[in-house]
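*Asks:* In case you want the letters, here they are:
2 protein chains.
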Amino acid sequence: MVKYSATLDSTFGALADPTRRAILASLMLGEISLSNLAGPHRMSLPAVMKHLRVLEQAGLVSQKKAGRIRHCQLAAKPLKDAETWLSQYRVFWEGTFDSLERYLSRTDQSEKKEDQKWPRRNRRRKTRSS
Amino acid sequence: MVKYSATLDSTFGALADPTRRAILASLMLGEISLSNLAGPHRMSLPAVMKHLRVLEQAGLVSQKKAGRIRHCQLAAKPLKDAETWLSQYRVFWEGTFDSLERYLSRTDQSEKKEDQKWPRRNRRRKTRSS
Numbered sequence: 000m001v002k003y004s005a006t007l008d009s010t011f012g013a014l015a016d017p018t019r020r021a022i023l024a025s026l027m028l029g030e031i032s033l034s035n036l037a038g039p040h041r042m043s044l045p046a047v048m049k050h051l052r053v054l055e056q057a058g059l060v061s062q063k064k065a066g067r068i069r070h071c072q073l074a075a076k077p078l079k080d081a082e083t084w085l086s087q088y089r090v091f092w093e094g095t096f097d098s099l100e101r102y103l104s105r106t107d108q109s110e111k112k113e114d115q116k117w118p119r120r121n122r123r124r125k126t127r128s129s
Numbered sequence: 000m001v002k003y004s005a006t007l008d009s010t011f012g013a014l015a016d017p018t019r020r021a022i023l024a025s026l027m028l029g030e031i032s033l034s035n036l037a038g039p040h041r042m043s044l045p046a047v048m049k050h051l052r053v054l055e056q057a058g059l060v061s062q063k064k065a066g067r068i069r070h071c072q073l074a075a076k077p078l079k080d081a082e083t084w085l086s087q088y089r090v091f092w093e094g095t096f097d098s099l100e101r102y103l104s105r106t107d108q109s110e111k112k113e114d115q116k117w118p119r120r121n122r123r124r125k126t127r128s129s
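Protein chains in written order, with numbering that gives the first Met the number 0: chain A, 0 to 129; chain B, 0 to 129.
Please keep in mind that the hints were generated in silico from the structure rather than gathered at the bench.
Owing to the predicted nature of the structure, the values given are computational and were not obtained by experimental measurement.
Certain hints may be false.
Identical copies look the same in the list; a pair holds intra-copy or inter-copy alike.
Think about it this way: if two alpha-carbon atoms lie no more than 20 Å apart in a straight line, the pair counts; the simulated SDA-like pairs of lysine to any residue are [said to hold, decoys possible]:
| hint | residue 1 | residue 2 |
| --- | --- | --- |
| 1 | Lys2 | Gly38 |
| 2 | Lys79 | Gly12 |
| 3 | Lys2 | Ile68 |
| 4 | Lys49 | Lys63 |
| 5 | Lys79 | Arg89 |
| 6 | Lys76 | Phe91 |
| 7 | Lys2 | Ala21 |
| 8 | Lys79 | Val90 |
| 9 | Lys76 | Ala5 |
| 10 | Lys49 | Gly12 |
| 11 | Lys49 | Ala15 |
| 12 | Lys63 | Ala74 |
| 13 | Lys64 | Arg89 |
| 14 | Lys2 | Asp16 |
| 15 | Lys49 | Ser86 |
| 16 | Lys76 | Gly94 |
| 17 | Lys49 | Pro39 |
| 18 | Lys2 | Pro17 |
Only chain A is shown next, with the shape it has when bound in the complex (with noise of 0.2 Å):
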């Protein structure tokens, strides 16, 4: 449990931050090598490395050197892990913005049906009877 809560710090640690993020999707194409991943990112290769090594230690990137070429993976299992942790909350969200949504439009269609019942003359009938 203190493992487990220990990688959700340096999960969501490691996703705080916008490049990293950044990094993290461009690696969702697949294996790609540290220069052309630092390219996009308009950051020299130190800067984008401080990043990478953030997302190694987080468990979300791996490294792997063929010949003089370094390649980065994504590594998924943190991130799903986050997701389960998240998911927990996803009845609140739903329980609030589903429900209330599916409330008005079902008090939106009550209102129809009343209306449809009751015109206006026989409305005016009942209250008067009652």
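Given the structure of chain A, go ahead and fit chain B onto it with the hints provided.
*Replies:* Relative to chain A, chain B alone:
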């Protein structure tokens, strides 16, 4: 897009701490007063308030005052956004872990089928004829 990115920064940043995650877990049961929230965490009120400020700035918690008592409530919207961001990567863990599992179980099954098709006696015969 920039605003969305900044929101994710603060959401993931706020979630990268075990005490803040524990505060959110406490709020799952509903609205809770500040003193009742501080109790189980064995922390001073100022320390809990510091964490609450981070959660509030990330839009994860809202506070309201009823008389002299301050109540805290969970706000799930940023959690939903974070889960949506993470779910982009679902194809990775489903694509790697699931398919590996499926591949292994399929290999296992086909090996069993092969064993059924070619009992030792027949297999020997087949080998001789080929």
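*Asks:* Run every hint past the structure and note whether it holds.
*Replies:* Hints and how they fare:
| no. | hint | in the structure |
| --- | --- | --- |
| 1 | Lys2 - Gly38 | neither (35 Å within a copy, 24 Å between copies) |
| 2 | Lys79 - Gly12 | both (15 Å within a copy, 18 Å between copies) |
| 3 | Lys2 - Ile68 | neither (33 Å within a copy, 36 Å between copies) |
| 4 | Lys49 - Lys63 | within (16 Å within a copy, 41 Å between copies) |
| 5 | Lys79 - Arg89 | both (15 Å within a copy, 7 Å between copies) |
| 6 | Lys76 - Phe91 | between (25 Å within a copy, 9 Å between copies) |
| 7 | Lys2 - Ala21 | between (27 Å within a copy, 15 Å between copies) |
| 8 | Lys79 - Val90 | both (18 Å within a copy, 10 Å between copies) |
| 9 | Lys76 - Ala5 | within (14 Å within a copy, 24 Å between copies) |
| 10 | Lys49 - Gly12 | both (14 Å within a copy, 18 Å between copies) |
| 11 | Lys49 - Ala15 | both (15 Å within a copy, 19 Å between copies) |
| 12 | Lys63 - Ala74 | within (13 Å within a copy, 41 Å between copies) |
| 13 | Lys64 - Arg89 | neither (40 Å within a copy, 27 Å between copies) |
| 14 | Lys2 - Asp16 | between (23 Å within a copy, 13 Å between copies) |
| 15 | Lys49 - Ser86 | neither (30 Å within a copy, 26 Å between copies) |
| 16 | Lys76 - Gly94 | between (28 Å within a copy, 12 Å between copies) |
| 17 | Lys49 - Pro39 | within (16 Å within a copy, 38 Å between copies) |
| 18 | Lys2 - Pro17 | between (26 Å within a copy, 11 Å between copies) |
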